[in-house]
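From first to last, the protein sequence lines stand for chains D and C. Heads up: the first sequence begins at 1 in our numbering, then just goes up one per residue. Heads up: the second sequence begins at 194 in our numbering, then just goes up one per residue.
Be a bit skeptical, because a hint or two may be false.
Unchecked claim - Simulated coverage check for chain C against chain D, where a stretch passes if three residues somewhere in it have a Cβ under 8 Å from a Cβ of chain D:
hint, stretch
1, 235 to 245
2, 269 to 283
3, 352 to 364
Source of the hints: derived by calculation from the structure; they are not laboratory data. Here a beta-carbon is modelled for each residue, glycine too, at the ideal position from N, C-alpha and C.
2 protein chains.
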Amino acid sequence: MPHSRRLERIAQILGKRLPGLTLVLENIHDPHNVSAILRTCDAVGVVHVELLYTTESFPRIGKKSSSSASKWVDRRKHTSVEKCYGVLRGEGYRILATRLEPDAQSLFECDLTGPVALVLGNEHRGVSDEAAKRADGRLYIPMRGMIESLNVSVASAVLLYEVLRQRLAHGSLTVPALPSDAYDHLLQDWLHR
Amino acid sequence: MPHSRRLERIAQILGKRLPGLTLVLENIHDPHNVSAILRTCDAVGVVHVELLYTTESFPRIGKKSSSSASKWVDRRKHTSVEKCYGVLRGEGYRILATRLEPDAQSLFECDLTGPVALVLGNEHRGVSDEAAKRADGRLYIPMRGMIESLNVSVASAVLLYEVLRQRLAHGSLTVPALPSDAYDHLLQDWLHR
Numbered sequence: 001m002p003h004s005r006r007l008e009r010i011a012q013i014l015g016k017r018l019p020g021l022t023l024v025l026e027n028i029h030d031p032h033n034v035s036a037i038l039r040t041c042d043a044v045g046v047v048h049v050e051l052l053y054t055t056e057s058f059p060r061i062g063k064k065s066s067s068s069a070s071k072w073v074d075r076r077k078h079t080s081v082e083k084c085y086g087v088l089r090g091e092g093y094r095i096l097a098t099r100l101e102p103d104a105q106s107l108f109e110c111d112l113t114g115p116v117a118l119v120l121g122n123e124h125r126g127v128s129d130e131a132a133k134r135a136d137g138r139l140y141i142p143m144r145g146m147i148e149s150l151n152v153s154v155a156s157a158v159l160l161y162e163v164l165r166q167r168l169a170h171g172s173l174t175v176p177a178l179p180s181d182a183y184d185h186l187l188q189d190w191l192h193r
Numbered sequence: 194m195p196h197s198r199r200l201e202r203i204a205q206i207l208g209k210r211l212p213g214l215t216l217v218l219e220n221i222h223d224p225h226n227v228s229a230i231l232r233t234c235d236a237v238g239v240v241h242v243e244l245l246y247t248t249e250s251f252p253r254i255g256k257k258s259s260s261s262a263s264k265w266v267d268r269r270k271h272t273s274v275e276k277c278y279g280v281l282r283g284e285g286y287r288i289l290a291t292r293l294e295p296d297a298q299s300l301f302e303c304d305l306t307g308p309v310a311l312v313l314g315n316e317h318r319g320v321s322d323e324a325a326k327r328a329d330g331r332l333y334i335p336m337r338g339m340i341e342s343l344n345v346s347v348a349s350a351v352l353l354y355e356v357l358r359q360r361l362a363h364g365s366l367t368v369p370a371l372p373s374d375a376y377d378h379l380l381q382d383w384l385h386r
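Looking at chain D on its own, in the form it has when it is part of the complex (with noise of 0.2 Å):
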């Protein structure tokens, strides 16, 4: 592609990120999921994910084009819990874990127009008892079936896309996403991809 139409390919994309959105990715560990995860995210306009490997190593995903979405979805680090929430709310996000709790609030009944990290959990485990703990909420995803529980990629995107037809309705998407520094620093770092 030649570099004006890159240029305007990407300024384009950047134009249509959502900052205040973010998943916090704990000790997933199949690379499918997380590739899925990805590109869901690239689709929906996430800027970074927080990966919060406590007791998994963060899988290696593969080259395939369906994860090629990895290269737009930037990634931070976090060692434990408490810091990754700490840096979290210093942002202003409030913090959501997945978890099917007593409190817990259904999905569609939340108010997801505001800056908002959603927690998902490991495959087998879920969202650990402290990443709930911690959580400024808990909300689920409503299941009526005999199985009770969604793939975790399949769970993130139906997540992912609440958040941006909530935003859509709301008309909170038709302002500049990303405040101009913040274009600036990915419109450069894009380009080099």
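Take the given structure of chain D and dock chain C to it, following the hints.
For chain C alone, kept in the frame of chain D given last:
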């Protein structure tokens, strides 16, 4: 599980099944994708999905716990687009193909409260020309990223949960969902699964 508890649980889940919602899986080949799709179908309450395998074989689904949702979602086989759509139209479904065409509607602008069959295509080729043309309409999931595609199981989940969300918001889920003869038939059938 004792018989009475099992009966109660099955009756409860069947009472929440959604008639008037199905997916047409057109040559989706990856068993993980098909498993994840059936798991989401179960979670949302889809009674049966339509298999339209004209160029590929329906994949063998593993026996992992995550795949056992396939036990609770029936599958109907069709040998051509024409026959499949004929059956669905005879049952009152509006058929919407997920494909980006000039006339396609955004998912979030589609009214999905009525009976609807959503067509999903093969991982590489997408929905075929024939399946797209013969459908009653085309819809797309909004994407704002560098990579302009989603994993097919992720796309299915975004679609299915938008249908569920609209129907919950619309209040069309407050009446018993399945007709009583279908309910009775499925109840007997499920008890022996």
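Hints, verified against the model:
1. Against chain D, the stretch 235 to 245 of chain C contributes 4 residues with a C-beta closer than 8 Å to a partner C-beta. That satisfies the three-residue criterion, and the hint holds.
2. With 0 residues having a Cβ less than 8 Å from any Cβ of chain D, the stretch 269 to 283 of chain C misses the three-residue criterion, and the hint is violated.
3. For the stretch 352 to 364 of chain C, the proposed coverage by chain D is satisfied: 6 residues have a C-beta within less than 8 Å of a C-beta in that chain, meeting the threshold of three.
When the structure is compared with the earlier hints, a violation turns up for hint 2 alone.
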